[in-house]
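A.B. asks: Sequence:
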Amino acid sequence: MDQTPPEQTPPEPTSPTKPGLVARLQNLKGLFSSNPVPRLKEALLENWTNLKSRPRLYISVLGGIGFLFLLIMALVAFSVIHHRNERAEKMEEASKSAPLERLTKIEQNEDFVLENLPTPKASASRIPLSNEEKINELIKKADLLYNQGQVEESLQIFHYIAQMSSSIANHNLGVIQMRQQNYTEALRSFDRAIAAKKNTSVSSIDAMVAAFYLNNMDLYTRYLKLTMQNLHQLEKQPIYSYVYALGLYYGGHYFEALSALTNPNSDLFRDARERLSAKMFLLFGDADRAIYHLEPIANAKDFKSLGLLYARTGNYSQALEYLHRYNSNYPQDMEALLAMQIIALKIGDLPVASSMLDLLLHGIKKDRQKEKILSDTYPIEPILNPHFFDINMIRRDFWQTNFRGSIGLPVVHILFYYAPFKLVESKKALGSIQEGVFFVDTTGKQDFDKAITLLQKGKNIGIADQHTINGLRNLSKWHLRAALHDFKQALEANPNSATSHYNIGLIYAQLEDYHNASFHFKKAYYLDNANVLGGIFAVLAAKLAYEDPAVFLQQLTKDFQTLNFHDSIQHDFLSSFIGYLNGVNNDDLSWISKAHKPMPIYYALNIAYANKAQDKQRLVDSFVALKKMYPNNMLTNIFYEMMLKYRADIKQMLGVYAFLTSKKVNLEELFHGPLLARKMFIYMGFITGLLSYEEDLLTARLSVSQDQNLSIDLMRMLALTSIFQKKYQKAASILNYLIDSLDEKSVEPLALASLANMALGRFGDAALYLELAKTKYPGNYDVRYGLGLLYQRAGNLEASLNSFRGIKSPNFHSLYFDFQIKAPTNQEDFP
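Last residue of the sequence shown: 831 (UniProt numbering), numbering continuous.
If you're looking for bench data, these hints aren't it; they were derived computationally from the structure. It should be emphasised that the depicted structure is a prediction, and the values quoted were computed from it without experimental measurement. Misleading hints may appear alongside valid ones.
Claimed, not checked - Taking lysine-lysine pairs in the DSS-like style, the calculated list, with each CA pair at most 30 Å apart, reads: (1) K651 - K663; (2) K543 - K616; (3) K745 - K651; (4) K663 - K727; (5) K616 - K558; (6) K822 - K726; (7) K597 - K477; (8) K543 - K488; (9) K663 - K745; (10) K679 - K727; (11) K558 - K477; (12) K774 - K745; (13) K745 - K726; (14) K663 - K612; (15) K346 - K651; (16) K808 - K776; (17) K236 - K301.
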């Protein structure tokens with residue numbers, strides 16, 4: 001830090017000067033100029049004889065000879081640091097890994113560590129060796145005093161100059177030694193500067209830093225105290241506020257230090273002040289203000305810090321821009337690559353995240369030790385996705401929640417929920433079934449009974465049809481698992497049955513096994529391309545399974561144009577549905593009003609279009625129509641209440657609370673039907689504070705259940721309820737029993753078991769469940785994402801890359817897993 005000499009000078013004399021002496025003393029001022037050695041020689045030769053002829057002045061000058069030796073030391077120091085800027089940059093690069101180059105712990109569980117901010121080393125103190133104007137004044141005053149006959153006072157000024165020069169020389173020598181990391185000798189130099197009792201605060205600060213490097217906290221405390229005790233020496237100097245701020249900062253008084261930094265008494269050390277201000281604001285958790293202070297004075301090295309700061313604020317695009325700029329200047333910095341990879345993970349761009357991880361691994365030549373070190377630099381901790389498991393975030397962002405393919409409402413899940421099951425082959429209707437009766441929807445038990453009766457009266461009834469009848473009976477009771485078993489038996493009896501494939505696909509979709517759903521829907525369409533709805537559902541299921549259905553959709557759209565329809569409503573419905581898949585944003589679906597008996601799927605499609613347009617009235621009208629069809633259906637009533645408060649505060653939905661506790665709810669349908677209804681029951685219970693009521697209800701039903709399939713449904717709901725209640729041990733126990741004892745190894749139980757163990761800190765067990773899921777569902781993105789996070793947390797970046805590499809989506813957001821940055825394990829504390 002730069003400092004001008006203090007103002008402590010002798011009082012002004014009153015008598016006039018003698019020109020001859022002034023001229024000679026002006027020659028002597030060269031001792032304090034920027035390059036005084038030649039002038040010293042010339043002045044001594046020229047004036048030696050004259051001085052001998054003036055005994056009193058001769059004696060005075062001899063008295064100051066001892067002090068001149070110290071000034072020569074100052075000149076040597078000056079010549080060493082004449083090009084200090086260039087050397088400082090090199091030394092700073094060489095000492096990049098020094099402890100004080102890292103910020104002190106900022107906040108627990110904060111995202112990143114801010115680097116390249118001011119430290120004692122980065123802003124090393126440097127006092128000018130001379131101040132010509134000030135020395136001129138001192139020489140004039142000494143001359144005046146001498147001519148007045150005040151020899152002792154004149155000698156005191158010379159003594160003062162010598163002391164000041166000694167302090168400067170020793171201080172700057174200490175700075176040089178600090179840069180050479182010779183902290184013991186630096187401390188001695190600073191002690192000599194302090195002993196001169198000039199610039200004490202400045203020298204004490206750097207002595208304090210040297211003591212810190214020597215790990216001598218007693219000395220550190222002593223020098224800090226000395227700094228603050230001697231600040232009064234600088235009160236009238238322009239560096240006062242900065243030195244004061246440093247003293248407060250290193251004493252741990254961060255708030256007071258910030259006040260001094262943001263209210264300086266001069267423009268000196270602007271860059272250093274702005275850097276330290278940024279650091280202070282970060283200590284207080286204000287990344288925006290830290291950016292405000294750092295960005296205007298940033299250099300290429302600061303781009304990394306700015307990138308990390310912007311990442312903390314959630315401005316990931318700006319963060320990546322700065323990190324890319326930093327990487328172009330410092331391509332060997334693997335930490336910057338890791339930071340970019342983590343940000344890519346946050347925004348869901350898994351191909352970029354994988355690419356960054358691949359570059360990083362090549363950069364460190366897959367050195368496992370370096371992998372661990374890097375992982376500890378920005379360590380991640382997998383957590384439950386707060387968008388679905390944190391009550392405050394749910395209430396705040398409910399209408400912005402991404403339900404895979406739609407925002408605010410789980411539209412695709414709604415389409416599957418209200419989809420009809422297929423009764424017979426569309427090309428081979430049984431003779432006893434009326435023309436056009438090919439689908440059976442779920443509007444009521446009577447429709448199923450009628451369908452079963454018609455099918456039993458049909459000609460050529462076979463084994464496959466008998467299994468289909470059993471499946472429809474189970475569907476009428478909302479027992480999806482039992483119905484799935486029946487339809488699979490029907491498929492075994494007739495492997496080429498498009499109807500069986502369609503029905504199996506729809507049950508898988510309602511149970512959220514989209515990979516199997518996609519397979520069976522495609523099979524149904526390939527076996528019978530008149531089964532257009534099967535093809536449409538194949539596209540939807542493929543998207544939810546993170547498959548690319550673009551080619552299939554193109555073929556479906558083309559085939560549809562060649563089909564002939566006797567029912568115009570059916571044609572218009574399928575045409576509107578295919579339009580929705582191809583990105584049509586608005587279709588008023590006017591054909592619905594012409595339908596003799598509209599099917600629930602018609603209104604579900606209307607909901608999909610209305611949600612795209614954020615048309616509240618259209619959404620309400622659609623659920624009103626569905627509510628008439630399903631007066632006691634829990635999910636329909638909940639969605640209706642939600643639409644009345646569309647995009648309003650979710651806590652205002654008192655109607656939802658009332659219906660969740662209503663005795664009119666069809667619990668059989670709720671507990672054993674599609675997963676969407678079960679999850680919304682628990683999800684809305686979480687939001688409205690009814691989880692304890694729901695837990696008791698589920699426990700009571702489970703205690704009397706005699707059917708294993710029904711018990712599995714109840715246990716799965718109970719486990720999910722326990723996770724929302726943060727009863728992770730209970731959830732883990734239930735899920736472990738389901739997986740190990742009942743062989744329930746579909747994706748969701750395995751993912752939830754992993755989540756429960758993550759929450760309990762059992763990351764190894766969490767990884768084992770996901771490894772099991774990966775063997776059964778290698779294409780499932782949620783499984784790969786969670787597993788990749790767990791491996792990266794453990795420092796196994798290569799295994800993490802193998803998991804992430806299988807995720808091809810540039811906009812992937814897991815329903816289950818998220819991560820946060822935790823405090824680095826290799827982080828150094830410094831004052």
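A.B. asks: K616 and K558 were given as a pair; does the straight-line alpha-carbon distance stay at or below 30 Å?
C.D. replies: At roughly 33 Å apart (the allowed maximum being 30 Å), K558 and K616 break the hint.
A.B. asks: Next pair to validate is K558 with K477; report whether the Cα-Cα distance is within 30 Å.
C.D. replies: violated (38 Å)
A.B. asks: Run the distance test for K745 versus K726: straight-line Cα separation, threshold 30 Å.
C.D. replies: holds (23 Å)
A.B. asks: Is the hinted pair K822 and K726 satisfied, with a Cα-Cα distance of at most 30 Å?
C.D. replies: holds (21 Å)
A.B. asks: Can you confirm whether the C-alpha distance between K597 and K477 stays at or below 30 Å?
C.D. replies: holds (23 Å)
A.B. asks: Between the alpha carbons of K808 and K776, is the straight-line distance 30 Å or under?
C.D. replies: Given pair K808, K776 holds - Cα atoms ~19 Å apart, limit 30 Å.
A.B. asks: Does K727 lie within 30 Å of K679 when you go C-alpha to C-alpha?
C.D. replies: Holds: K679 and K727 sit about 17 Å apart, inside 30 Å.
A.B. asks: Take a quick look at whether K663 and K612 sit within 30 Å of each other, Cα to Cα.
C.D. replies: violated (34 Å)
A.B. asks: Checking one constraint from the list: CA of K543 to CA of K488, max 30 Å. Satisfied?
C.D. replies: Given pair K543, K488 holds - Cα atoms ~24 Å apart, limit 30 Å.
A.B. asks: Taking 30 Å as the top limit, are the C-alpha atoms of K663 and K727 close enough?
C.D. replies: holds (27 Å)
A.B. asks: Please work out if K346 and K651 have their alpha carbons no farther apart than 30 Å.
C.D. replies: holds (28 Å)
A.B. asks: Against the 30 Å threshold, does the CA-CA distance of K663 and K745 hold or violate the hint?
C.D. replies: violated (33 Å)
Violated hints for the displayed structure, listed by number in ascending order: 3, 5, 9, 11, 14, 17.
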